[in-house]
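**Student:** The listed protein sequences derive, respectively, from chains L and X.
Going by the working numbering, the first residue of the first sequence is number 451, and it counts up by one from there.
Going by the working numbering, the first residue of the second sequence is number 451, and it counts up by one from there.
Careful, some of the hints might be misleading.
[Said to hold, decoys possible] Cβ pair distances, simulated, as ranges:
id: 1; chain 1: L; residue 1: Glu543; chain 2: X; residue 2: Arg605; range: 30 to 40 Å
id: 2; chain 1: L; residue 1: Ser581; chain 2: X; residue 2: Arg605; range: 40 to 50 Å
id: 3; chain 1: L; residue 1: Arg467; chain 2: X; residue 2: Asn606; range: 26 to 36 Å
id: 4; chain 1: X; residue 1: Arg584; chain 2: L; residue 2: Arg467; range: 18 to 28 Å
id: 5; chain 1: X; residue 1: Ala582; chain 2: L; residue 2: Arg584; range: 56 to 66 Å
id: 6; chain 1: X; residue 1: Ala505; chain 2: L; residue 2: Gln485; range: 31 to 41 Å
Hints listed in this document are in silico derivations from the structure and should not be mistaken for laboratory results.
Backbone N, C-alpha and C fix where the C-beta goes; we use that ideal spot for every residue, glycine too.
2 protein chains.
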Amino acid sequence: MSATLREVIGETQHKFRLDADSARVCFRTRSELTQGLRVDTNIRQHALVMDEPQAIGGGDSGPAPVEVLLAALAACQEITYKAYAAAMGIALERVVVELEGDIDLRGFFGVDDSVRPGLSAIRGRVELTSSAPRAALDTLKAAVDSHCPVLDMLRNPVPVSLTLASP
Amino acid sequence: MSATLREVIGETQHKFRLDADSARVCFRTRSELTQGLRVDTNIRQHALVMDEPQAIGGGDSGPAPVEVLLAALAACQEITYKAYAAAMGIALERVVVELEGDIDLRGFFGVDDSVRPGLSAIRGRVELTSSAPRAALDTLKAAVDSHCPVLDMLRNPVPVSLTLASP
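Please model the entire structure based on the sequences and the hints provided.
**Tutor:** Shown next, in the form of C-alpha cells:
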C-alpha cells in the first residue's frame, strides 16, 4: 500500500505543479433536521447521522457535531501521518489518535456571553508504531502538523458566509 | 417536541446559572488508521468511518475528514436553529443547510507552502420553513450565529496541543 500511496502522492504533486487549477476542489454537503435534534447529512454517496445526547434534548441517534469535529481532526491527523510517512520514506505500521476537548456549555446555552460556544482547548495523544528513530518521527510530526487541513482550520480562522433563504 | 425542548433548555440554563461547574464537559474520541487511508473512530457508543477518495489514494469507504468538518458545521447550525427557535418561541418547521467549501490541494500536498492546507472559504445556504416574519428569522439567525459551537471554532482559533507517544 505505502509504495502505491507514495506513487499516487508523487504523481499528484507533479500534476498540481503543472496545473494549479487541477488542485482547486469544492466540497459540498446537504443536511436536514429530521426528527427532534437529529440531522441527516449527505456527502456524495455517504450518509452521516448526528444528534445530541438526551441530557440536552436530543435522541442520541448519532454523535454530536462537536464530537464529530474532534473525530474529523483525529482522522485528518492519521491520514496526513500515513501520507507524509509514505512520501518521506518513513516506516509507519500503526497510528492511533486520542483526543479530548473541553467545552463550557454556558456558551452554547447563552447563560454567559463571555464564554465561547465552542471548545476552549483540544488535547491529543498521537501514538505511532514505527521502527524509525524518534528524531525521524519528530520530523514527521512537524511536517504533518503544518499540512493537516483540519488542524489548520482549527488553529487559523476560516472565512464562513451563511445566507438565509426562503424555501 | 418543541415545548419539551424549550423546557429542557430552560431547565439546563437554570442549572448552569446555579452551578457553572455542571456546564463544563470533556468530549473524547479514539480513532485508528485501519486499512490504507481508512480511519475508524469511536465516539462513545457511536462509530464513524472516514477515508479519502480513490483519486488521492484512498478507498472511499467513507467521507473525507474535511467533508465531515463541513457536515459538522451544517448539523451544528441546524441543531442551534432548532434550539434557539424553541427558546425564543419562533415557529420552525424545517431546516435545510447546504454548504460548500473551497480547497486548494497544493497546500495539503506540500506543493506550495503559501497555500493553506485547509478550506480557504465556506459558503452556506440556510433554508428555513417557518410562519414567522422575516425579521424574526433574521433575529434568530443572529442568535444562532453567535452561539453555534462549530461556527465559533471555524471563525476563531482553538488552542490545540498534540503530543507524540510511544506505543
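**Student:** If a hint holds in the structure, say so; if it doesn't, say that too.
**Tutor:** Evaluation of the provided hints:
1. Against the hinted window of 30 to 40 Å, the Cβ-Cβ separation of Glu543 of chain L and Arg605 of chain X comes to about 38 Å, which satisfies the hint.
2. Between Ser581 of chain L and Arg605 of chain X, the C-beta spacing of about 42 Å keeps the proposed range 40 to 50 Å intact.
3. Range check, Arg467 of chain L to Asn606 of chain X: about 34 Å between beta-carbon atoms, so the 26 to 36 Å window is met.
4. Look at Arg584 of chain X against Arg467 of chain L: about 49 Å separates their beta carbons, and that is not inside 18 to 28 Å.
5. For the hinted restraint 56 to 66 Å between Ala582 of chain X and Arg584 of chain L, the CB-CB distance of approximately 60 Å keeps it satisfied.
6. Distance hint check for Ala505 of chain X and Gln485 of chain L: the Cβ-Cβ separation is about 35 Å, which falls inside the suggested range of 31 to 41 Å.
Checked against the numbered hints given earlier, this structure breaks only hint 4.
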